[in-house]
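As you go down the protein sequences, you meet chains X and V in turn. Each residue of the first sequence is one higher than the one before, starting from 1 at the first, in my numbering. Each residue of the second sequence is one higher than the one before, starting from 1 at the first, in my numbering.
To be clear, the hints were calculated from the coordinates, so they are not data collected in a lab. Please note that a few of the clues may not be correct.
Since the list gives no way to pick out one identical chain from another, each pair is judged satisfied if it fits inside one copy or across any two copies.
As the list claims (entries may be wrong) - Here are the simulated DSS-like cross-link-like pairs (lysine-lysine), alpha carbons at most 27 Å apart as the crow flies:
1. K179 <-> K336
2. K226 <-> K336
3. K385 <-> K336
4. K566 <-> K494
5. K284 <-> K336
6. K148 <-> K226
7. K336 <-> K49
8. K494 <-> K284
9. K148 <-> K566
10. K179 <-> K23
A quick note: this is a predicted structure, and the numbers were derived from the prediction, not measured.
Here is how the chains run, residue by residue.
Number of protein chains: 2
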Amino acid sequence: MADYQAPLRDMRFVMYEVFNADKRWGQWPATQELVDRETADAFLEEGAKLAARTVAPLNREGDEEGCHWSEEGVTTPKGYKAAYQLYSEAGLTGVAGNPEYGGMGMPKALSAQFDEMFSSASLAFTLYPNLTSGAALAIDAHACEALKSLYLPKLYSGEWAAAMCLTESHSGTDLGIIKTRAQDNGDGSYSITGTKIFITAGEHDLTENIIHLVLAKLPDAPAGPKGISMFLVPKVNVNKDGSLADRNQVQCGSLEHKMGIKASATCVINYDGAKGYLVGEVNKGLNAMFTMMNYERLFVGIQGLGTSEMSYQSALEYALDRVQGRSATGPQQPEKAADPIIVHGDVRRMLLNMKALNEGGRAFSTYVATLLDTAKFSPDETERKQASEQVGLLTPVVKAFLTDIGLESCVSGQQVFGGHGYIREWGQEQLVRDVRIAQIYEGTNGIQALDLLGRKVVMNGGASFKQFAATIRRFIAEGESDEFSAPLEQALAKLETLTNELLSQAANDPNVVNASCNDYLHAFSYVSYAWMWAMMAREAQARLSAAAQEDDFYQAKMITARYFYKRLLPRMEGLLISAASGTETVFELPAEQF
Amino acid sequence: MADYQAPLRDMRFVMYEVFNADKRWGQWPATQELVDRETADAFLEEGAKLAARTVAPLNREGDEEGCHWSEEGVTTPKGYKAAYQLYSEAGLTGVAGNPEYGGMGMPKALSAQFDEMFSSASLAFTLYPNLTSGAALAIDAHACEALKSLYLPKLYSGEWAAAMCLTESHSGTDLGIIKTRAQDNGDGSYSITGTKIFITAGEHDLTENIIHLVLAKLPDAPAGPKGISMFLVPKVNVNKDGSLADRNQVQCGSLEHKMGIKASATCVINYDGAKGYLVGEVNKGLNAMFTMMNYERLFVGIQGLGTSEMSYQSALEYALDRVQGRSATGPQQPEKAADPIIVHGDVRRMLLNMKALNEGGRAFSTYVATLLDTAKFSPDETERKQASEQVGLLTPVVKAFLTDIGLESCVSGQQVFGGHGYIREWGQEQLVRDVRIAQIYEGTNGIQALDLLGRKVVMNGGASFKQFAATIRRFIAEGESDEFSAPLEQALAKLETLTNELLSQAANDPNVVNASCNDYLHAFSYVSYAWMWAMMAREAQARLSAAAQEDDFYQAKMITARYFYKRLLPRMEGLLISAASGTETVFELPAEQF
Numbered sequence: 001m002a003d004y005q006a007p008l009r010d011m012r013f014v015m016y017e018v019f020n021a022d023k024r025w026g027q028w029p030a031t032q033e034l035v036d037r038e039t040a041d042a043f044l045e046e047g048a049k050l051a052a053r054t055v056a057p058l059n060r061e062g063d064e065e066g067c068h069w070s071e072e073g074v075t076t077p078k079g080y081k082a083a084y085q086l087y088s089e090a091g092l093t094g095v096a097g098n099p100e101y102g103g104m105g106m107p108k109a110l111s112a113q114f115d116e117m118f119s120s121a122s123l124a125f126t127l128y129p130n131l132t133s134g135a136a137l138a139i140d141a142h143a144c145e146a147l148k149s150l151y152l153p154k155l156y157s158g159e160w161a162a163a164m165c166l167t168e169s170h171s172g173t174d175l176g177i178i179k180t181r182a183q184d185n186g187d188g189s190y191s192i193t194g195t196k197i198f199i200t201a202g203e204h205d206l207t208e209n210i211i212h213l214v215l216a217k218l219p220d221a222p223a224g225p226k227g228i229s230m231f232l233v234p235k236v237n238v239n240k241d242g243s244l245a246d247r248n249q250v251q252c253g254s255l256e257h258k259m260g261i262k263a264s265a266t267c268v269i270n271y272d273g274a275k276g277y278l279v280g281e282v283n284k285g286l287n288a289m290f291t292m293m294n295y296e297r298l299f300v301g302i303q304g305l306g307t308s309e310m311s312y313q314s315a316l317e318y319a320l321d322r323v324q325g326r327s328a329t330g331p332q333q334p335e336k337a338a339d340p341i342i343v344h345g346d347v348r349r350m351l352l353n354m355k356a357l358n359e360g361g362r363a364f365s366t367y368v369a370t371l372l373d374t375a376k377f378s379p380d381e382t383e384r385k386q387a388s389e390q391v392g393l394l395t396p397v398v399k400a401f402l403t404d405i406g407l408e409s410c411v412s413g414q415q416v417f418g419g420h421g422y423i424r425e426w427g428q429e430q431l432v433r434d435v436r437i438a439q440i441y442e443g444t445n446g447i448q449a450l451d452l453l454g455r456k457v458v459m460n461g462g463a464s465f466k467q468f469a470a471t472i473r474r475f476i477a478e479g480e481s482d483e484f485s486a487p488l489e490q491a492l493a494k495l496e497t498l499t500n501e502l503l504s505q506a507a508n509d510p511n512v513v514n515a516s517c518n519d520y521l522h523a524f525s526y527v528s529y530a531w532m533w534a535m536m537a538r539e540a541q542a543r544l545s546a547a548a549q550e551d552d553f554y555q556a557k558m559i560t561a562r563y564f565y566k567r568l569l570p571r572m573e574g575l576l577i578s579a580a581s582g583t584e585t586v587f588e589l590p591a592e593q594f
Numbered sequence: 001m002a003d004y005q006a007p008l009r010d011m012r013f014v015m016y017e018v019f020n021a022d023k024r025w026g027q028w029p030a031t032q033e034l035v036d037r038e039t040a041d042a043f044l045e046e047g048a049k050l051a052a053r054t055v056a057p058l059n060r061e062g063d064e065e066g067c068h069w070s071e072e073g074v075t076t077p078k079g080y081k082a083a084y085q086l087y088s089e090a091g092l093t094g095v096a097g098n099p100e101y102g103g104m105g106m107p108k109a110l111s112a113q114f115d116e117m118f119s120s121a122s123l124a125f126t127l128y129p130n131l132t133s134g135a136a137l138a139i140d141a142h143a144c145e146a147l148k149s150l151y152l153p154k155l156y157s158g159e160w161a162a163a164m165c166l167t168e169s170h171s172g173t174d175l176g177i178i179k180t181r182a183q184d185n186g187d188g189s190y191s192i193t194g195t196k197i198f199i200t201a202g203e204h205d206l207t208e209n210i211i212h213l214v215l216a217k218l219p220d221a222p223a224g225p226k227g228i229s230m231f232l233v234p235k236v237n238v239n240k241d242g243s244l245a246d247r248n249q250v251q252c253g254s255l256e257h258k259m260g261i262k263a264s265a266t267c268v269i270n271y272d273g274a275k276g277y278l279v280g281e282v283n284k285g286l287n288a289m290f291t292m293m294n295y296e297r298l299f300v301g302i303q304g305l306g307t308s309e310m311s312y313q314s315a316l317e318y319a320l321d322r323v324q325g326r327s328a329t330g331p332q333q334p335e336k337a338a339d340p341i342i343v344h345g346d347v348r349r350m351l352l353n354m355k356a357l358n359e360g361g362r363a364f365s366t367y368v369a370t371l372l373d374t375a376k377f378s379p380d381e382t383e384r385k386q387a388s389e390q391v392g393l394l395t396p397v398v399k400a401f402l403t404d405i406g407l408e409s410c411v412s413g414q415q416v417f418g419g420h421g422y423i424r425e426w427g428q429e430q431l432v433r434d435v436r437i438a439q440i441y442e443g444t445n446g447i448q449a450l451d452l453l454g455r456k457v458v459m460n461g462g463a464s465f466k467q468f469a470a471t472i473r474r475f476i477a478e479g480e481s482d483e484f485s486a487p488l489e490q491a492l493a494k495l496e497t498l499t500n501e502l503l504s505q506a507a508n509d510p511n512v513v514n515a516s517c518n519d520y521l522h523a524f525s526y527v528s529y530a531w532m533w534a535m536m537a538r539e540a541q542a543r544l545s546a547a548a549q550e551d552d553f554y555q556a557k558m559i560t561a562r563y564f565y566k567r568l569l570p571r572m573e574g575l576l577i578s579a580a581s582g583t584e585t586v587f588e589l590p591a592e593q594f
């Protein structure tokens, strides 16, 4: 495992040079006083140090040790508590929080970079503070003033942590059938009873209190998803002055044994008449969850990117160091017994796939982050609305594709190591095990695909998609034509044809969305990355002669852009065909003949 | 995890109905007395029972317990020794062994089915007897009569086990640089000194002796791969009467901690002047290894298939049982809270991918097995030679593609389970961890791709490929035209165009083979599977009306064939483009700019 180094140069490239994030911060009233490029850079450097020096070194041992359950509670692996302290002290838990309650109010385009760094350093670790940030987002958006002022400052400071409690053993994707019940106590509080499973960071020893956001049903609630309410349930009850009172009826029944992220406590949580407080309106719990879902799903996508970046850094170090065989064009290091394996085309293919997909993914996730910022901070209502719609369209893409590609890239990084990639001490196999969860949780990637094609494309007759396509066409039209203009235009046109075809099929066949959504999402993703690479190439080309000392950086961008177009974009061809092939082959086989 | 059931009906379908293996057995002098359909079927049923009842139940616990190292040796998990006894007693270790020395002389088309069954039941377990079979194959082909008669009977009976010892810490793919040394003792024996790593089944408690086949260099050996010799090194020395003598200087230094196949002992083995015996000729050790490599690589491919079959069986059971959400066409089980998830198109997509790829893989690996049998048993020299050449061409394909697809399918099977797929107790995640090794060992899949495009296609000017294409064309011409004839012909034509393009590029550019081999192998594989599906569909169609009681089986074949052509074969389109895109994008980036 290489020593992790945050790709700060590339992060700044996408933030400032490609998306001009700093210019937008300077224009928006809510951010112009809080953040500029200098502040952001200093912050990034601090975060990068913390990720590399404090968190990354815990990752391997945390995987071996795992978490420990006892009746008294859950303990995290050695070193986690101290690292969590430092993370909190750096202000990172509340980095994007509401400044009215002690948050730092930073834009997502910036905090997305921290999400990546800490996912690279240790996915299992970063889930603890990020679950807290996510829950704080929901509380900030939906809770009453009393709850906000009581809980948010301690969550932003990292003094308390939080967890999101949705899944039950019989109810994962289908939350409409949850059984956890809430009873009105008549004193402004509710009594919550039920069992939740797969609760990340539901119980641990990092903080003195853990705030659970729990989905439950009131006795008279309508059946299905429209009868779900959200409750704030603290592990330890809280007095009005913020001090801790008695223990609430919240217990961790056991920890799950998992494939990876073993240092992350995945808990079964029992609520036995636990005291809770309504967040938002009765029966509107799912809406409250959806508010934060775009942020959370972007974060999960970035987990795929971060893990894959770590895998790339290690695989690259190994490929430069490991000597085995000779270059096809003759020995490159004749003085050694063999050449470093980076001379071999197939090793380069794996590394370049990872590099092109990581950098494309970094641009894409940062783009979605800038859209979230525009939707939140822009004073222009039309701009806010448009950005919000595009966030809705692109969020399932960023969640599913970055995590699918995250697995692919971690597997490639492991493959570069050969047999050593399969051995635990090298760390590459852990990345594969860790990243695998990101395709599953926060809505499986199948659910993301369904969300994209069903809710975001078909349900609005392709309107959001048209806006997306128009934005790409505007990009093409605004610049001078270059080597990527025509291929990008062609790829987009193919995606438009597919979209229209599926819109038309969906009008007659209710099964088509579910049968074609996965292929559609992947085709959509390759076009999105092609756009990202065309944008990056345009900026790199413009700076190539101007910044001679950085020629290598920009030259590498041009070469990698070409690699993406020649070697990765063609993957969409097969997807276009299979996505359009109708539902008959998918639904013809009766269940009993499988 | 479902209770494993060997897919006997499908195995018989490919063996007898598609490839007429039983007819060939009846024609060949070496097999006609030994095996017919009835014997084979009885044998298959016995194997299926053993796999399902004895071996499969050990798989989960073996993963949790792993192997144990001490100075005295390595112990396998609870239950392994008893299961190994039963496996040996069933005659399976020597099932394909030379009858002159106690082997059963069964054809590979039959024993390949056992390889699949036991890989499904427990990949970690099945490596022990299969390493023995593989080593016995090399001894049978290359050792002198004295060694053969001393060692083969005890290996075939399972009384002793064996291991293949190639890799050293600095030398994996590149065996030319091994450092293990052999010194002639002048008494017909050699003294072996060195350290080998990643030695599967190098040390364990299943048998009283373990026979190591070790690659080493004599003092005056030429540098590189042409200076490697193979030695038989027993863990316990053997007297001339076959009884055990003193302990040889062979020690297991440690066990590797791995991602998966944890119940398989992966050993560091130290040879400290161990007594060994030359197998085959001096400096021809690699040739001796290559003899058995086609068999071993087919077996590794089948490991991908077997693991994936187990994943499919479990995922299917779960998809029929788990209720979540409603069918897009309205509730299918309105009396329940939700429908079984097999109603959802995206779940069906995952299951059908697995089904179509497993059944295609079973046909393809059985086809390669029949070629191996023809190459070994046919009395016609021309037929033997042609079969042997096709084995050479298709072996890297079957090894790499079935294991790449094995990972994909195990990941799909895990995904069907949602969050439960990530939890160890369900067993789906173990399959992902276990199957991953098959892409790495016995020559990484990159090495397979290089072997295919470099050695098997470019080096003979495409001659073997032309024969392969001619065989497919003959198949198309011999049957009545059906719905698969034209698409198969088109896919083949595209692969021919790509092959010619790469042959022409390779004439001028030494890098093209290494840069394009992976995409080429995958395109080649999809065409191969398309051929398999066309063959299976033709046989199924012919039997559809004739065998009304089996209509469901044959109908499912037709539907799955259509699914493959519509939804999976299109994947080759992108591969054709990227494989032909030249080497510039792969080699342009200097190593220091990655």
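Against the structure, the hints:
1. With identical chains, the CA atoms of K179 and K336 are at most 27 Å apart between copies only, with a shortest distance of 15 Å across copies and 66 Å within one.
2. Taking CA atoms no more than 27 Å apart as the test, K226 paired with K336 passes between copies only; the shortest distance there is 18 Å, against 68 Å inside one copy.
3. For the identical chains of this complex, K385 and K336 are neighbours neither inside a copy (61 Å) nor across copies (40 Å), given an alpha-carbon limit of 27 Å.
4. Both within a single protomer and between protomers do K566 and K494 lie at most 27 Å apart by alpha-carbon distance, with minima of 16 Å and 18 Å respectively.
5. In the homo-oligomer, the alpha carbons of K284 and K336 lie at most 27 Å apart only across protomers (25 Å), although the nearest pairing inside one protomer, at 67 Å, exceeds that limit.
6. For a Cα distance limit of 27 Å, the shortest separation of K148 from K226 inside one copy, 25 Å, qualifies, whereas the shortest one across copies, 75 Å, does not.
7. When the C-alpha separation of K336 and K49 is checked against a cutoff of 27 Å, the pair qualifies neither within a copy, at 36 Å, nor between copies, at 53 Å.
8. Taking the closest pair of Cα atoms, K494 and K284 never come within 27 Å of each other, the shortest separation being 39 Å inside a single copy and 55 Å across copies.
9. Proximity of K148 to K566 under the C-alpha cut-off of 27 Å is found in neither arrangement, the shortest distances being 51 Å within a copy and 54 Å between copies.
10. Taking the closest pair of Cα atoms, K179 and K23 never come within 27 Å of each other, the shortest separation being 48 Å inside a single copy and 60 Å across copies.
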